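Chains as they are written, first to last, in the working numbering: chain A, 1 to 515; chain B, 1 to 515.
These aren't lab readings, by the way, just hints derived from the structure by calculation. Be careful, since some hints might not be right.
Since the list gives no way to pick one copy over another, a pair counts as held whenever it fits inside one copy or between any two copies.
[To be verified] As a list, the in silico SDA-like pairs of lysine to any residue whose alpha-carbon atoms are at most 20 Å apart:
hint, residue 1, residue 2
1, K248, G156
2, K248, R455
3, K396, Q336
4, K248, N454
5, K364, A219
6, K364, T182
7, K248, G500
8, K364, Y68
9, K396, P122
10, K364, P181
11, K248, P270
12, K396, R155
13, K364, G470
14, K248, L499
15, K364, N236
16, K396, Q510
17, K364, D184
18, K396, A228
19, K396, Q187
20, K248, L159
These numbers come from a predicted model, not from an experiment.
Letter by letter, the chains look like this.
Number of protein chains: 2
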Amino acid sequence: EVAIALRPLAAGTMIELDLEPGIETVTQSGSVPGAGSAAPFLVLTGDIPRSHKFALAPIAVDGRVHKYGQSIGLATAPIAAGDHVHSHNLGMDDADRAHEFGTQRTALVAPTGPVPTFLGYPRADGRVGTRNYVGILTSVNCSATAANLIADAFRGGALDEFENVDGVMALTHQSGCGLVPTSDGAQTLMRTLRGYAAHPNFGGMLVVGLGCEMVPVDALVAGHGLPADTIVSTMNIQGEGGVRATVKEGVARIRAMLPELNSRQREPAPVSELILGLNCGGSDGFSGITANPALGIASDRLVSYGGTSVLAETPEVFGAEHLLTSRAVSAAVGQQLLDRLDWWQGYAAQGGGSLDNNPSPGNKAGGLTTILEKSLGAVAKAGQADLAAVYGYAEKITDRGLVFMDTPGYDPVSVTGLIAGGATVVVFTTGRGSVFGAKPTPSIKVATNSETYNRMPDDMDLNAGRIVDGTATLDEVGTEIFEMIIRVASGEQTVSEELGVGQEEFVPWQFGTVT
Amino acid sequence: EVAIALRPLAAGTMIELDLEPGIETVTQSGSVPGAGSAAPFLVLTGDIPRSHKFALAPIAVDGRVHKYGQSIGLATAPIAAGDHVHSHNLGMDDADRAHEFGTQRTALVAPTGPVPTFLGYPRADGRVGTRNYVGILTSVNCSATAANLIADAFRGGALDEFENVDGVMALTHQSGCGLVPTSDGAQTLMRTLRGYAAHPNFGGMLVVGLGCEMVPVDALVAGHGLPADTIVSTMNIQGEGGVRATVKEGVARIRAMLPELNSRQREPAPVSELILGLNCGGSDGFSGITANPALGIASDRLVSYGGTSVLAETPEVFGAEHLLTSRAVSAAVGQQLLDRLDWWQGYAAQGGGSLDNNPSPGNKAGGLTTILEKSLGAVAKAGQADLAAVYGYAEKITDRGLVFMDTPGYDPVSVTGLIAGGATVVVFTTGRGSVFGAKPTPSIKVATNSETYNRMPDDMDLNAGRIVDGTATLDEVGTEIFEMIIRVASGEQTVSEELGVGQEEFVPWQFGTVT
Ligand SMILES: [Ca+2]
Ligand SMILES: [Ca+2]
Ligand SMILES: [Ca+2]
Ligand SMILES: [Ca+2]
Ligand SMILES: [Ca+2]
Numbered sequence: 001e002v003a004i005a006l007r008p009l010a011a012g013t014m015i016e017l018d019l020e021p022g023i024e025t026v027t028q029s030g031s032v033p034g035a036g037s038a039a040p041f042l043v044l045t046g047d048i049p050r051s052h053k054f055a056l057a058p059i060a061v062d063g064r065v066h067k068y069g070q071s072i073g074l075a076t077a078p079i080a081a082g083d084h085v086h087s088h089n090l091g092m093d094d095a096d097r098a099h100e101f102g103t104q105r106t107a108l109v110a111p112t113g114p115v116p117t118f119l120g121y122p123r124a125d126g127r128v129g130t131r132n133y134v135g136i137l138t139s140v141n142c143s144a145t146a147a148n149l150i151a152d153a154f155r156g157g158a159l160d161e162f163e164n165v166d167g168v169m170a171l172t173h174q175s176g177c178g179l180v181p182t183s184d185g186a187q188t189l190m191r192t193l194r195g196y197a198a199h200p201n202f203g204g205m206l207v208v209g210l211g212c213e214m215v216p217v218d219a220l221v222a223g224h225g226l227p228a229d230t231i232v233s234t235m236n237i238q239g240e241g242g243v244r245a246t247v248k249e250g251v252a253r254i255r256a257m258l259p260e261l262n263s264r265q266r267e268p269a270p271v272s273e274l275i276l277g278l279n280c281g282g283s284d285g286f287s288g289i290t291a292n293p294a295l296g297i298a299s300d301r302l303v304s305y306g307g308t309s310v311l312a313e314t315p316e317v318f319g320a321e322h323l324l325t326s327r328a329v330s331a332a333v334g335q336q337l338l339d340r341l342d343w344w345q346g347y348a349a350q351g352g353g354s355l356d357n358n359p360s361p362g363n364k365a366g367g368l369t370t371i372l373e374k375s376l377g378a379v380a381k382a383g384q385a386d387l388a389a390v391y392g393y394a395e396k397i398t399d400r401g402l403v404f405m406d407t408p409g410y411d412p413v414s415v416t417g418l419i420a421g422g423a424t425v426v427v428f429t430t431g432r433g434s435v436f437g438a439k440p441t442p443s444i445k446v447a448t449n450s451e452t453y454n455r456m457p458d459d460m461d462l463n464a465g466r467i468v469d470g471t472a473t474l475d476e477v478g479t480e481i482f483e484m485i486i487r488v489a490s491g492e493q494t495v496s497e498e499l500g501v502g503q504e505e506f507v508p509w510q511f512g513t514v515t
Numbered sequence: 001e002v003a004i005a006l007r008p009l010a011a012g013t014m015i016e017l018d019l020e021p022g023i024e025t026v027t028q029s030g031s032v033p034g035a036g037s038a039a040p041f042l043v044l045t046g047d048i049p050r051s052h053k054f055a056l057a058p059i060a061v062d063g064r065v066h067k068y069g070q071s072i073g074l075a076t077a078p079i080a081a082g083d084h085v086h087s088h089n090l091g092m093d094d095a096d097r098a099h100e101f102g103t104q105r106t107a108l109v110a111p112t113g114p115v116p117t118f119l120g121y122p123r124a125d126g127r128v129g130t131r132n133y134v135g136i137l138t139s140v141n142c143s144a145t146a147a148n149l150i151a152d153a154f155r156g157g158a159l160d161e162f163e164n165v166d167g168v169m170a171l172t173h174q175s176g177c178g179l180v181p182t183s184d185g186a187q188t189l190m191r192t193l194r195g196y197a198a199h200p201n202f203g204g205m206l207v208v209g210l211g212c213e214m215v216p217v218d219a220l221v222a223g224h225g226l227p228a229d230t231i232v233s234t235m236n237i238q239g240e241g242g243v244r245a246t247v248k249e250g251v252a253r254i255r256a257m258l259p260e261l262n263s264r265q266r267e268p269a270p271v272s273e274l275i276l277g278l279n280c281g282g283s284d285g286f287s288g289i290t291a292n293p294a295l296g297i298a299s300d301r302l303v304s305y306g307g308t309s310v311l312a313e314t315p316e317v318f319g320a321e322h323l324l325t326s327r328a329v330s331a332a333v334g335q336q337l338l339d340r341l342d343w344w345q346g347y348a349a350q351g352g353g354s355l356d357n358n359p360s361p362g363n364k365a366g367g368l369t370t371i372l373e374k375s376l377g378a379v380a381k382a383g384q385a386d387l388a389a390v391y392g393y394a395e396k397i398t399d400r401g402l403v404f405m406d407t408p409g410y411d412p413v414s415v416t417g418l419i420a421g422g423a424t425v426v427v428f429t430t431g432r433g434s435v436f437g438a439k440p441t442p443s444i445k446v447a448t449n450s451e452t453y454n455r456m457p458d459d460m461d462l463n464a465g466r467i468v469d470g471t472a473t474l475d476e477v478g479t480e481i482f483e484m485i486i487r488v489a490s491g492e493q494t495v496s497e498e499l500g501v502g503q504e505e506f507v508p509w510q511f512g513t514v515t
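Please take these sequences and the hints and turn them into a complete structure.
Here you go:
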């Protein structure tokens with residue numbers, strides 16, 4: 001019942017209704033019917049911003065509005081053909097969705113020919129890294145400045161002679177004390193810190209604490225599954241005699257790691273060893289028809305080769321979860337997803353909100369009206385693959401295939417969970433123009449539309465807007481994304497890495513009481 | 001009934017009981033009674049770590065143990081004279097404390113002579129700054145890296161020709177999206193950001209956003225009480241065309257502010273214009289008998305001259321709140337404090353904890369057993385002054401005298417609230433050895449004991465441990481703190497400023513749901 005404006009359309013514009021069935025959201029908008037055109041047409045009743053929706057036919061109050069073949073909401077006012085359809089006349093559809101388990105399974109077939117390979121760093125625990133970083137992990141905010149000062153010593157040309165070392169990054173955060181150690185909030189923080197410590201993209205790990213915080217530095221690394229070839233060192237500011245002494249000693253300890261780390265070489269590994277994190281931020285009305293389904297094609301390709309792809313952002317699955325449960329490999333996996341959504345309903349209510357009103361101001365400005373519309377577009381990132389497993393935030397990912405991790409939609413928190421779980425490459429789709437990066441894992445940014453791509457050329461790796469421009473097909477862009485994943489996993493720098501973005505985006509999910 | 005070991009004491013040590021009444025916590029420990037000594041003595045039954053307590057007399061199970069003349073808990077096991085008194089034999093005392101309002105008021109008399117002055121930056125709104133910084137405020141985590149990259153351009157010698165400009169600091173944080181805008185959590189974040197934007201220590205303020213976040217950049221500054229002479233500039237990464245363009249433009253905008261900011265001069269102002277933030281971190285058994293009461297003397301001195309001193313850290317007031325309510329200037333003010341404590345009981349319970357078990361592992365290692373003991377020592381920072389007002393977190397402080405702000409005890413979150421409220425100088429006492437700093441406000445660190453002071457000489461401004469060493473009196477150290485406050489407010493650098501600590505410690509209180 002609705003179409004999406006591919007460019008701003010003025011009131012009075014005549015629209016041809018020569019749409020192919022099944023793609024009504026991609027209309028050749030704005031062309032004025034010529035003499036002799038047999039196509040029916042409608043006239044826009046108001047200005048339609050780019051990527052916003054307009055009605056193709058009248059809709060009565062409480063009438064269901066569909067997109068992607070699914071309900072995106074109910075009309076809250078009478079809608080005429082040619083009307084702008086948005087928050088003023090479209091509301092939430094609270095009707096129960098049928099949650100079937102495993103009724104829509106798909107056997108993905110890998111393309112013929114050999115399994116593609118990438119050049120990665122094989123690690124002692126069998127995982128394969130895509131970067132070779134030294135991390136400076138902090139147990140508490142109190143050691144953040146010391147960690148930054150240590151990392152500063154390796155800026156500029158300090159690593160020039162160690163070409164196989166990608167960098168030294170400080171993993172600072174704002175928590176680590178004033179928590180009840182047994183609480184969910186504290187346990188989540190610890191799991192996240194430990195997941196980073198064990199990540200295959202860290203060849204070396206210096207852990208810096210203050211000395212009187214909630215968890216001792218050794219408890220972040222000892223016995224927590226770090227690869228045996230991770231060079232680990234721990235220290236406390238109180239034990240070293242202060243910030244200045246800590247920085248001096250920390251720099252020396254990392255310098256001592258560098259020759260060994262630099263001797264490590266990239267080696268070919270099958271793409272089945274990759275763990276791909278899926279994410280989106282600043283979504284708009286194009287996300288669900290360009291970048292997200294193109295990423296879904298790349299994700300399915302990776303899964304067909306035996307690789308792992310991780311969907312996340314639970315609040316943005318709300319309203320589309322029935323599409324995932326029907327793809328679950330078992331009722332247990334489907335139920336786990338529903339259980340997480342139940343938890344989120346309570347968590348959102350605590351915050352005075354509800355999952356219904358999730359689209360952010362930026363999403364709404366981009367033409368997304370309801371969480372149903374946003375979610376239907378968001379799950380397109382996960383392609384058609386079966387859902388193999390559901391993980392808690394920052395849990396270590398061990399299954400192959402398409403899996404789900406429970407995270408907020410908020411970008412840095414979501415991707416931090418994925419990386420803690422082991423993601424070695426991330427693809428991030430954005431409509432409004434995100435500048436996200438996420439060291440130590442490279443993050444490929446895909447624009448959903450050409451306007452954003454052209455406006456922020458330094459911050460976008462790929463332009464999926466060509467799909468609506470008519471200059472590339474969904475399949476072509478999907479293949480481009482898949483091929484870029486392999487190149488980036490093999491060492492090609494993403495734009496965020498070139499810009500130096502990705503250290504501040506380490507944001508463990510913080511919840512619970514701070515005393 | 002208990003004494004504190006001023007140094008580690010071995011089992012079997014004989015202790016003279018030649019204590020003066022009223023100061024039983026400061027004992028001349030470890031001296032063996034000589035021949036002819038008339039004093040009674042006791043023998044330690046076990047090793048007593050430095051700053052831990054031992055019993056001076058037997059205490060039966062459920063017997064009340066006193067320190068500072070107040071109950072610090074009930075014996076949970078029979079305690080013999082000479083026993084170590086700690087978590088194994090001392091538990092919480094849940095008896096109701098009598099909450100009287102205004103029954104213990106004190107008229108503080110200023111010393112004779114003129115009101116002391118400091119050299120500060122008078123601002124257009126009548127407040128007086130103690131530093132002259134440019135801030136780069138971020139509306140959301142997405143602009144954190146851009147803000148850091150802008151600040152990086154002013155490192156090293158870049159400000160050499162602007163000697164009246166103290167620095168350019170990035171105010172980055174981990175939130176700003178995924179919040180319900182009307183929720184307490186979101187409102188608290190916004191109030192904190194606005195408080196920093198309006199702080200008298202910022203002569204210039206560049207606000208950097210992404211462009212699609214919860215709150216537009218202008219909403220952080222426009223109409224929010226910034227001094228008219230704050231040079232304000234706002235920008236969005238999406239509007240500027242990406243991170244690289246934003247950094248270039250942001251650096252140019254700050255460069256353009258510098259000549260005007262550098263023309264500002266320090267001028268004498270009465271100390272009554274200072275807003276002193278009180279805080280402690282990594283407390284130990286000495287905190288309550290050395291640094292905290294010395295700071296209380298300095299605080300009372302400031303209040304006697306008409307200045308403002310702000311106590312905070314609500315969870316660390318629990319159990320000593322009756323000492324504050326009895327000093328409240330009105331029943332309404334006293335009741336506000338009790339209401340905040342009630343709120344905290346619920347908040348702590350949500351986190352699976354309770355205020356009773358607040359002493360952190362570091363506190364406990366330092367000899368603090370119960371929250372009552374910790375709190376009785378903590379409120380000593382606030383001297384004897386009447387309690388004039390109670391503020392919510394990050395609320396602008398407008399009253400004179402001793403006031404209270406509701407914050408967690410967690411150091412960076414607490415001090416961030418105080419600075420958002422307008423604190424222009426902070427004194428921070430520490431037992432275990434904190435390395436805290438808090439730009440743009442100078443933070444003076446006072447060690448509670450000489451061991452910490454000598455172990456971390458680069459990180460401590462002052463040693464209150466001399467009080468138990470016998471080389472300085474409480475009054476002398478209180479006067480030293482007061483005089484250092486004036487020198488530091490006038491521009492003398494604290495050790496944390498020399499080390500470059502204080503940017504990572506901008507940590508707005510984060511609570512509520514993140515979607
Ligand atoms: Ca259709
Ligand atoms: Ca997201
Ligand atoms: Ca006494
Ligand atoms: Ca504190
Ligand atoms: Ca930071």
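Contradicted hints - numbers only
Of the numbered hints given earlier, those the structure breaks are 11, 12, 13, 17, listed in rising order.
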